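Construct all of the structure, not just a fragment, from the sequences and the given hints.
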Amino acid sequence: PHGFLQRFGAERVQMIDCHDDKHVHWLTLAHFFAGYLEPWTRARCPDTFRRMMLKLKDWPPDQDFQSKMPEYFADLMQALPFAQYAQRGGVLNLA
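Residue numbers (our numbering): -2 to 92.
Keep in mind that the hints were calculated from the coordinates and are not lab data. Here the structure is a predicted model, which is why all the values come from computation and not from measurement. Among the clues, some could well be false.
To be verified - Label pairs and their calculated CB-CB ranges: (1) Asp44 to Gly87: 34 to 44 Å; (2) Gln11 to Ser64: 10 to 20 Å; (3) Phe46 to Val88: 37 to 47 Å; (4) Lys52 to Met74: 13 to 23 Å; (5) Arg41 to Gln11: 32 to 42 Å; (6) Asn90 to Cys15: 17 to 27 Å; (7) Pro43 to Ala80: 34 to 44 Å; (8) Met50 to Asn90: 30 to 40 Å; (9) Arg4 to Asp55: 15 to 25 Å; (10) Ala71 to Arg48: 27 to 37 Å; (11) Phe46 to His22: 14 to 24 Å; (12) Val88 to Cys15: 18 to 28 Å.
Claimed, not checked - Derived lysine to any residue pairs resembling SDA-like cross-links, with alpha carbons at most 20 Å apart: (13) Lys52 to Tyr82; (14) Lys65 to Leu77; (15) Lys54 to Ala27; (16) Lys52 to Phe5; (17) Lys19 to Arg47; (18) Lys19 to Phe5; (19) Lys52 to Ala40.
Even for Gly, the Cβ is constructed at its ideal location relative to N, Cα and C.
Printed below as a string of structure tokens:
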């Protein structure tokens, strides 16, 4: 994770707050992962000041994940939960 964050952590990413489906565009990939590793550091909603539950939206937006970072692709595919839905070859993947 540290090498991944060193390389891509500063990238601004599109996220969605799962509480209200609002788009969040002012945070970086490092903020996203920090919120899961250390939940008390999660960003706060500017309107309500509650901690946001974020999900990534189409990252990387302009490239296929395997093309952008081939050295991490196999590990990511192995780590994904619900492989039938999430992995490329998953029988329930609708993508």
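Results for each hint:
1. Asp44 to Gly87: 34 to 44 Å: With Cβ atoms ~37 Å apart, the hint holds.
2. Gln11 to Ser64: 10 to 20 Å: Given range 10 to 20 Å: holds, Cβ gap about 19 Å.
3. Phe46 to Val88: 37 to 47 Å: 43 Å, holds
4. Lys52 to Met74: 13 to 23 Å: Holds: the Cβ-Cβ distance is about 19 Å, inside 13 to 23 Å.
5. Arg41 to Gln11: 32 to 42 Å: 18 Å, violated
6. Asn90 to Cys15: 17 to 27 Å: 21 Å, holds
7. Pro43 to Ala80: 34 to 44 Å: 36 Å, holds
8. Met50 to Asn90: 30 to 40 Å: Taking Cβ atoms as reference, Met50 and Asn90 lie about 24 Å apart, which means the hint is violated.
9. Arg4 to Asp55: 15 to 25 Å: Once the Cβ atoms are compared, 19 Å apart, the range 15 to 25 Å for Asp55 and Arg4 holds.
10. Ala71 to Arg48: 27 to 37 Å: 33 Å, holds
11. Phe46 to His22: 14 to 24 Å: 19 Å, holds
12. Val88 to Cys15: 18 to 28 Å: 26 Å, holds
13. Lys52 to Tyr82: OK: Lys52 and Tyr82 at ~17 Å, within 20 Å.
14. Lys65 to Leu77: 18 Å, holds
15. Lys54 to Ala27: Holds: Lys54 and Ala27 sit about 15 Å apart, inside 20 Å.
16. Lys52 to Phe5: The hint holds at about 17 Å.
17. Lys19 to Arg47: 13 Å, holds
18. Lys19 to Phe5: 23 Å, violated
19. Lys52 to Ala40: 12 Å, holds
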